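Enquirer: What follows is each chain in one-letter form.
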Amino acid sequence: MKRTILAFAAVTALAVSGCAANANSGGSGKPDAGDTLVAAYSEGGKTLDPAEANDVTSDTFVVAAYDQLVTYGRTTDGAQPKAKTDEIVPMLAKSWKASADNTSYTFTLRDDAKFQDGAAVTADAVVKSFAHIKASSSASFLYKMAGIAKVTKTGEHTVKIDLTAPNHLFLQILPMYSFSIIDMDKVTQNGGAKWLANNTAGSGPYQITKWDPSTEATMARNESYWGAKPKLRQVDVKFIAEASNRVQLLRKGEVGLALEVPPKDVQSLKGSDGVVIDSRASNKILFFAMNNKIKPFDDPRVRQAVSYAIPYDKLLNDVMKGEASPMKSAVASSTPGFSDAGYTYSHDLDKARALLAEAGLSKGFSFDFTLGSGFDDWNDDAVLIQAELAKIGVKMNIKKMARPQFLEALDTRKVQSYITRWTSFVNDPGYHLGLLLTTQGSSNYANFSDPVVDKSWQQAATEPDVAKRNKLYGTAQQEINTKAPWAYLYEYNIVVAHRAGLDGYTSYPDGIVRFFQLSVTK
Amino acid sequence: MPETALEPQTAESAQSAQPAVKPQTTLRLLLRNKLAVVGLVFIALWTLGAVFADLLPYGATQPGAGGLLQGPTLAHPFGTDNFGRDLLSRVLAGGRISLWTGLIAIAISLLIGVPLGAFAGFVRGRAGGLVMRLMDMLLAFPSLVLAMAIAAAMGPGMVSAMVAVGIVGIPEFARIVHGQTLSLRERDFVEAGHAIGLPARSILIRHIVPNALAPILVRATLGMGYAILTAASLSFIGLGAQPPDPEWGVLISDGRGYIISGEWWMTTFPGLAIATSILGFNLLGDGLRDVLDPRLRTSK
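For the protein sequence lines, the chains are A and B, in the order given.
Numbering-wise, the first sequence is residues 1 to 522 according to UniProt numbering.
Numbering-wise, the second sequence is residues 1 to 300 according to UniProt numbering.
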């Protein structure tokens, strides 16, 4: 009898201690040996195909599962590591050489790099990967922008890339996730490029072992990775749409890292134990675009008037709670070549009224504003701007739209006004302006068309000298700032909230977390 | 007919058809019903609030009336929102939108549902069957989903929300009036109308529909609460009122992100507004039914 009781007590004690151990490890967000991490993302991604991915979650998986020929350097900003985008360092290519006229580059590949199923990374794979990028619907425009004419194999481990003309963007574009090197032979065996949407065939530090866009994904360390072994053995990414839930899970320690934390929660998280807020200035901008082809926004004075009516301080302090900084040019202030020449706007309703009167609209006017869903700050900004515009007699009719429809509507270029954010993954004014504000720009949804901007941009594209090039970009920016196709709202901080003890997080302009750089210590 | 089998109560209440109760009597009986009076008080409060919302010192849409996210104080009894807008002003002004939405939606349901039901009940046969089967199809859809589909198709805005809620309410009225008409058309006074050679249209409009008014009135009152709730739901998901209009569903949607961080007043007060106004209409509707149905009345 006594024995039974003792045994029962022992079992109970074990059970209780077992529970306690579990509860502890669960509570700290770092179960087991500290080599796994749970991250909370807002959405589950759309594809795993490097050449088609264009949302943060998809990009994150691509960066984890694939390598590129070259990558960005790293530097530190105080004690915090960040990307150095103007320094390009080796990745799958151990070295490269440009021809004298800068129209041809020869890359020499590492000979020890292997795809995750064991096949060697060869020049053939590079040639085929570039062909895949060229044929893709999403990344093909980057291919054009990089000015790539021809990709040829010159040896088992050497590849020559010919350009149509000298192009300073070429080496800037190559480190992008879109230019991942894919095991195209494996893709062919599995029936072609469509297979890549749900599977990976890369040489990267992690394997995507599970991906369910509605709930979660799991990444497992590639144990035979050619480069430095990632410290985290496993990363679970949970997809949690509601921001408050992500914050709550982080606070409780059930996730170790959370993205897209709303500014109001950043404030409260800053005071909570064991949570670190990593908030950095970025080149992610938010602007209020006015369609230059739709009255009355075809008149620059009306657009300038709107720019004078924006309550800039309220947006930065009340909406963003300081997690953003003023935007003073169409190009982000952290982009090399930034210039705020021609920017004179501040919150000045008298000036706004005067400009409206000059444009013959002293009685005000009414216009439609399309508000895309998905970002709380957009909604708050719109409401504040609407209230300010009302003071100068301008009626802004807000029409809400779900995000997919919103993006489609923008594409028609017939939306009268809208707010949208933009991040140029290639941190260069040529890339940025070329897409957004040249007449031919594929994302110039506000129909801005200006000969000065077009001409300077064109000249700069083939200008090899950095100083001369930046001067041309400066001219373009001054013209844009004066003509005001957009009212500039702010530059976002990229905020990553994580538990204390997580090290190695490096901020990149693309906002993608590179999990192979992270480690967790207790 | 299956419809009559499904509507025993409305068929019974047709007994009340004539002689009609005098309006004064109805009101007196209604005021004797305590719950109905509570309902009336709620409705009266929100109506008065809606009418006099503009008399409050702060506008419903002007940011910066007070500090940001302040809890209830004397100056701002319902607190302020994330733009410093006075929540009391917003809830009262929201009542104006919600009550109008309910009224107009019910009017749409009535204006379409009643003629359809009366027509189907009076002519019966294939045409009447077709109309009622169409109504059954509408009724088979979950009403909120149907309202969402209609509002989404029309584009977001308060007008489409009203129309959507109105359309969703049509079959209820059509069924009630259909049942009433089926029973009334066999009554002696209708027979008499036929006998003296009144045209069918005149019998329908002058004799049948007025006698079916009581259950329609009850249904319309109960439907108001439902219409307000559905319109608020549409606004909550972004299909109804657009910023800065302070519709109740929008207010709750705005406050949703602030529940966890502790700003409870942003959702609580608009939530209470919706709850009390619906309760008001439901209590009043129940009271009306008790008063207008002589069987229920005598049993009390």
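Quick caveat, the hints were computed from the structure, so don't treat them as lab data.
A couple of the hints might just be wrong.
Derived lysine to any residue pairs resembling SDA-like cross-links, with alpha carbons at most 20 Å apart [as the list claims (entries may be wrong)]: (1) A:Lys46 <-> A:Lys395; (2) A:Lys293 <-> A:Asn167; (3) A:Lys321 <-> B:Gly64; (4) A:Lys270 <-> B:Gly64; (5) A:Lys84 <-> A:Ser99; (6) A:Lys395 <-> B:Ile108; (7) A:Lys270 <-> B:Thr61; (8) A:Lys252 <-> B:Gly262; (9) A:Lys468 <-> A:Asn167.
Note that this is a predicted model, so its numbers are computed, not measured.
Enquirer: May I ask which of the numbered hints given earlier this structure violates, with the numbers listed in increasing order?
Expert: Hints 1, 2, 4, 5, 6, 7 contradicted; others consistent.
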